[in-house]
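Enquirer: So the chains spell out like this:
Number of protein chains: 2
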Amino acid sequence: MPLKLPALDPAEVPERRASMYPEPFRSRMGERVKRRLGDACGITRFGVNLVTLGPGGQSALRHWHTLEDEFVYVLEGEVVLVTEGGEQTLRAGMCAGYPAGKRDAHHFINRGSVPARYLEIGNRIEGDNAFYPDDDLMWGFDEKGEYAAHKNGRRYE
Amino acid sequence: MPLKLPALDPAEVPERRASMYPEPFRSRMGERVKRRLGDACGITRFGVNLVTLGPGGQSALRHWHTLEDEFVYVLEGEVVLVTEGGEQTLRAGMCAGYPAGKRDAHHFINRGSVPARYLEIGNRIEGDNAFYPDDDLMWGFDEKGEYAAHKNGRRYE
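Taken in sequence, the protein lines are chains A and B. Here my numbering is used: position 25 in the first sequence is 25, and no number is missing along the way. Here my numbering is used: position 120 in the second sequence is 120, and no number is missing along the way.
Accuracy of the hints is not assured; some may be wrong.
[Unchecked claim] DSS-like, lysine-lysine: derived pairs with alpha carbons at most 25 Å apart: (1) A:K102 <-> B:K4; (2) A:K144 <-> A:K102; (3) A:K151 <-> A:K102; (4) B:K34 <-> B:K4; (5) B:K102 <-> B:K144; (6) B:K151 <-> A:K4.
[Claimed, not checked] Derived coverage of chain A by chain B (criterion: at least 3 residues anywhere in the stretch with Cβ under 8 Å from a Cβ of chain B; other residues may be distant): (7) 31–42; (8) 68–74; (9) 84–90; (10) 97–108.
No lab work stands behind these hints: they were computed from the structure. For glycine and all other residues, C-beta sits at the position ideal for the given N, C-alpha and C.
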């Protein structure tokens with residue numbers, strides 16, 4: 001019997017492969033597929049994505065947020081967490097949390113040979129920003145909204 | 001090698017068996033053990049609990065929140081979700097989301113013979129309230145904070 005809201009089978013939620021990053025960053029994410037479970041349930045105050053990350057893929061560029069708390073819980077496979085403190089391997093059942101404003105940029109890399117799967121959760125809040133210590137990227141704002149820029153302000157085309 | 005923050009092995013997080021409900025409601029929760037993973041990682045804008053619910057246990061009294069979005073993801077075993085729309089069984093890998101302000105009171109019951117395990121996530125916000133359509137319970141406020149009361153306002157002792 002198919003589930004009805006408020007319950008949901010994640011397999012019924014559309015897959016999203018898009019990335020907002022310009023090249024050459026977008027391709028680095030590799031085989032990264034997200035299902036927006038929180039949105040599919042109609043919740044708005046935080047997002048919950050089920051992410052499948054193929055071998056060689058990355059969760060994001062290494063970054064930290066000014067106003068968004070983030071939390072990740074590994075469901076299957078294995079990922080390498082990279083932070084200022086170095087690397088740690090997280091297996092299924094392990095988790096990590098990144099407090100807003102903490103200047104400890106982080107991301108996951110799948111260095112294994114099988115896909116990894118995890119939940120990523122973040123609160124939604126106006127005015128959040130993210131910083132990328134390893135990459136020449138920032139977000140600018142104009143009257144049409146956000147745009148990707150080099151750190152010197154020049155837009156990515 | 002033990003994980004270091006921002007990563008965490010949930011097995012290292014203390015178990016909590018407390019319930020804020022007065023009797024006779026507290027006992028109905030049964031064998032319900034929570035680990036506060038989000039708090040353990042230092043995040044504050046939402047809570048993430050890993051919950052183990054024994055056979056016969058309940059996640060909560062059936063309730064809805066005014067200002068808190070909630071999301072649950074089943075990791076192991078099976079739970080019955082009870083809402084105004086009836087009952088549905090959720091197995092590992094299924095989820096549910098409860099938008100703030102939606103008057104569809106919900107809870108999980110473990111009707112199986114083995115423990116179920118799930119993640120529960122909710123945003124934190126001042127002034128949230130919860131309502132319990134099936135039970136003679138509400139929360140009052142005085143100068144010392146919140147207290148459990150009957151729906152007519154008389155305190156539970």
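Enquirer: Next step is simple, just say for each hint if it's right about the structure.
Expert: Hints, verified against the model:
This hinted pair checks out: K102 (chain A) and K4 (chain B) have alpha carbons roughly 15 Å apart, not beyond 25 Å. About 29 Å separates the Cα atoms of K144 (chain A) and K102 (chain A), which puts this hinted pair outside 25 Å; it is violated. Using a Cα cut-off of 25 Å, the hinted pair K151 (chain A) and K102 (chain A) holds, with the two alpha carbons roughly 20 Å apart. Simply put, K34 (chain B) and K4 (chain B) have alpha-carbon atoms about 21 Å apart, close enough for the 25 Å limit, and the pair holds.
Distance check on the hinted pair: K102 (chain B) and K144 (chain B) sit about 29 Å apart at the alpha-carbon level, beyond 25 Å; violated. Distance restraint check for K151 (chain B) and K4 (chain A): the Cα-Cα separation of roughly 31 Å exceeds the 25 Å cut-off, and the hinted pair is therefore not satisfied. Restraint check on the segment 31–42 of chain A versus chain B: 5 residues with Cβ-Cβ distances below 8 Å, three needed, restraint holds. For the segment 68–74 of chain A, the stated coverage by chain B holds: 5 residues have a C-beta nearer than 8 Å to a C-beta of that chain, and at least 3 were required.
Counting residues of the segment 84–90 of chain A whose beta-carbon sits less than 8 Å from any beta-carbon of chain B gives 3, enough to reach three: the coverage restraint holds. For the segment 97–108 of chain A, the assignment as covered by chain B holds, since 7 residues bring a beta-carbon within under 8 Å of that chain's beta-carbons and 3 suffice.
The structure shown violates the earlier hints numbered 2, 5 and 6.
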